[in-house]
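Protein chains: 2
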Amino acid sequence: MHQLIERMFASAFRNPILEQMGDGAVATLGGTRLAFTTDSYVVRPLFFPGGDIGSMAVHGTVNDLAMCGARPVLMSSAFIIEEGLPMETLWRVVESMAGAARKAGVEIVTGDTKVVDRGKGDGIFINTAGVGVVAHTLEIGPKQVRSGDAILLSGDIGRHGIAVLSVREGLPFASRIESDSAPLASLVMTLLDAGLEIHCMRDLTRGGLGSALVEIAESARIPIAVEEVTIAVHEEVQGACEILGYDPLYVANEGRFICFVPASEASRALQLMRSHRDGSAASIIGAVHEGARGMVTMTSRLGTRRIVDMLSGEQLPRIC
Amino acid sequence: MHQLIERMFASAFRNPILEQMGDGAVATLGGTRLAFTTDSYVVRPLFFPGGDIGSMAVHGTVNDLAMCGARPVLMSSAFIIEEGLPMETLWRVVESMAGAARKAGVEIVTGDTKVVDRGKGDGIFINTAGVGVVAHTLEIGPKQVRSGDAILLSGDIGRHGIAVLSVREGLPFASRIESDSAPLASLVMTLLDAGLEIHCMRDLTRGGLGSALVEIAESARIPIAVEEVTIAVHEEVQGACEILGYDPLYVANEGRFICFVPASEASRALQLMRSHRDGSAASIIGAVHEGARGMVTMTSRLGTRRIVDMLSGEQLPRIC
Chain A
3 MHQLIERMFA SAFRNPILEQ MGDGAVATLG GTRLAFTTDS YVVRPLFFPG
53 GDIGSMAVHG TVNDLAMCGA RPVLMSSAFI IEEGLPMETL WRVVESMAGA
103 ARKAGVEIVT GDTKVVDRGK GDGIFINTAG VGVVAHTLEI GPKQVRSGDA
153 ILLSGDIGRH GIAVLSVREG LPFASRIESD SAPLASLVMT LLDAGLEIHC
203 MRDLTRGGLG SALVEIAESA RIPIAVEEVT IAVHEEVQGA CEILGYDPLY
253 VANEGRFICF VPASEASRAL QLMRSHRDGS AASIIGAVHE GARGMVTMTS
303 RLGTRRIVDM LSGEQLPRIC
Chain B
3 MHQLIERMFA SAFRNPILEQ MGDGAVATLG GTRLAFTTDS YVVRPLFFPG
53 GDIGSMAVHG TVNDLAMCGA RPVLMSSAFI IEEGLPMETL WRVVESMAGA
103 ARKAGVEIVT GDTKVVDRGK GDGIFINTAG VGVVAHTLEI GPKQVRSGDA
153 ILLSGDIGRH GIAVLSVREG LPFASRIESD SAPLASLVMT LLDAGLEIHC
203 MRDLTRGGLG SALVEIAESA RIPIAVEEVT IAVHEEVQGA CEILGYDPLY
253 VANEGRFICF VPASEASRAL QLMRSHRDGS AASIIGAVHE GARGMVTMTS
303 RLGTRRIVDM LSGEQLPRIC
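So the sequences go chain by chain: A and B. Take the first sequence: its letter number 223 is residue 225 in the numbering used here, and every next letter is one higher. Take the second sequence: its letter number 73 is residue 75 in the numbering used here, and every next letter is one higher.
Next comes chain A alone, as it looks inside the complex (with noise of 0.2 Å):
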């Protein structure tokens, strides 16, 4: 269904920028490059181990905003509350949201709030719109990915999707697994600063790690390859997935991203990720190969290959 509500608006709405497929838009205003991009946030529950909806809804388009290479600067915050809901639930809400916009660095400078009637919506749904300054001349995408070059992962996956799930399916097991939510935009910009040549950067929210990839492999008709062992997965979380059924490849993040390099510069983005308090568990997990078709192919622990498919429907549901 996704799928098919993406190709709809892709044809309705039909222009160059939108053609970009990042994670917003970038185009240049008045003589400034600017990133723009938005989200709404329907998350249920409302709060769960290492963060909320509102912080959430901060990051995320911080996080979208980073991904195309811009530094966050100003955003906007939209609800829709349902009738009914306690003030002080929306207050905590209110609050970490203004937290984490504070700790991101961004200003909220504007907002709306409509109501909607007992039943006809879910407590809390936020939109967060952001707009950042591109303050480099590279073109970060799809497109910009080559053959040869390296693929780096901020972090280990799977801890949103699964923290989530412990308070919503009320799971024991996997109750001490906190979200991994959280701002990418400084690690990102100590990269950018150093004058690393970036390609493309995705950060693993619905759909997680293996999408990701399958998206980029597939925008930019290049294979790649990946090794498992390099993909770090906290022992909880694998835990937690071989019980539920899940693949933790697909499980959502929401303060991990990949990054495409040439890879002469690989050693040096590892360097400068491992240096930066966000990034200290990056890894370099593959790289892009030749070819003209865009599969994703992953090495196993035990050395066997296997093609890392997109994933058909959604694992979780209101998982952002």
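Treat the hints with care, since some could be wrong.
Here are some chain A residues pointing at chain B (derived, C-beta under 8 Å) [as the list claims (entries may be wrong)]:
(1) Gly26
(2) Ala27
(3) Leu31
Beta-carbon label-pair distances, calculated as ranges [to be verified]:
(4) B:Ala12 / A:Ala196: 35 to 43 Å
(5) A:Lys105 / B:Ile245: 51 to 59 Å
(6) A:Gly197 / B:Trp93: 43 to 51 Å
(7) B:Glu21 / A:Gly197: 46 to 54 Å
(8) A:Ser13 / B:Glu220: 40 to 48 Å
It should be emphasised that the hints constitute simulated quantities derived from the structure, not laboratory data. Heads up, the beta-carbon is just placed ideally off N, CA and C, and yes, glycines get one too.
Starting from the structure of chain A, add chain B where the hints point.
For chain B alone, coordinates are given in the frame of chain A:
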């Protein structure tokens, strides 16, 4: 409740741009002066005479940018869709948005889609955000309002509210009234391009003309006097309001605005407005007086004066 929530946001997100309290935020990024705004749309029903949630979501954001004196350039569109929504309904809304964006000269460059379970939404909620370029050096806002300023209204009032209500409540006597939903940017650009010294603009959405006047009078701490006879109300809107017990002064509009200019510019402003197809029914409805109190008074058709109050509570829920 709205006031409470707005105070909550203002205190949590505290920053000088938010405190402008305009229809959008104006900020300078990388040397370019920009306006940035957002709104969510939860109107019920989705389709009504003269418009639908899709065209409205474009007009609303275009108009908020125009009210900042900005030329709308980029827009985002984010959908929260309730499971089970017929795809043809979604397609009608998306096509209407695309058409409205084309007519208003903005490009929808980024977006998002979330699906929520049946009973946790209400068909479609849309959020749009917009970025516009402010090409002049005027400051436009309540703080610029001066005693002596003339107040212009761009057309007749109350049609949007009554049009939506006629469908929602099945009112046959109101069925020929069409919403005034329309983009105002072209008309506003005509005024700005003519070098008109605009002090303040506000579009008359939720709360109508009455609430907009009171908000500006209170923000500017200055008394406003208007003449009822100069405020155009369509005969059928007037009739519907009388039957329903509504005051057209507080009925929502989606394509009308008020504009404050120095008295010396009033007749030129009126001429400019009337020469534009979207302002052909414009009028001068009143003026700003001297004084330190933010009070709005209206002289009725019979010559009596009354105080125009802020409406307590929402006259019509989910009108936008």
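How the hints compare with the structure:
| no. | hint | in the structure |
| --- | --- | --- |
| 1 | Gly26 | 6 Å, holds |
| 2 | Ala27 | 4 Å, holds |
| 3 | Leu31 | 6 Å, holds |
| 4 | B:Ala12 / A:Ala196: 35 to 43 Å | 39 Å, holds |
| 5 | A:Lys105 / B:Ile245: 51 to 59 Å | 54 Å, holds |
| 6 | A:Gly197 / B:Trp93: 43 to 51 Å | 46 Å, holds |
| 7 | B:Glu21 / A:Gly197: 46 to 54 Å | 38 Å, violated |
| 8 | A:Ser13 / B:Glu220: 40 to 48 Å | 46 Å, holds |
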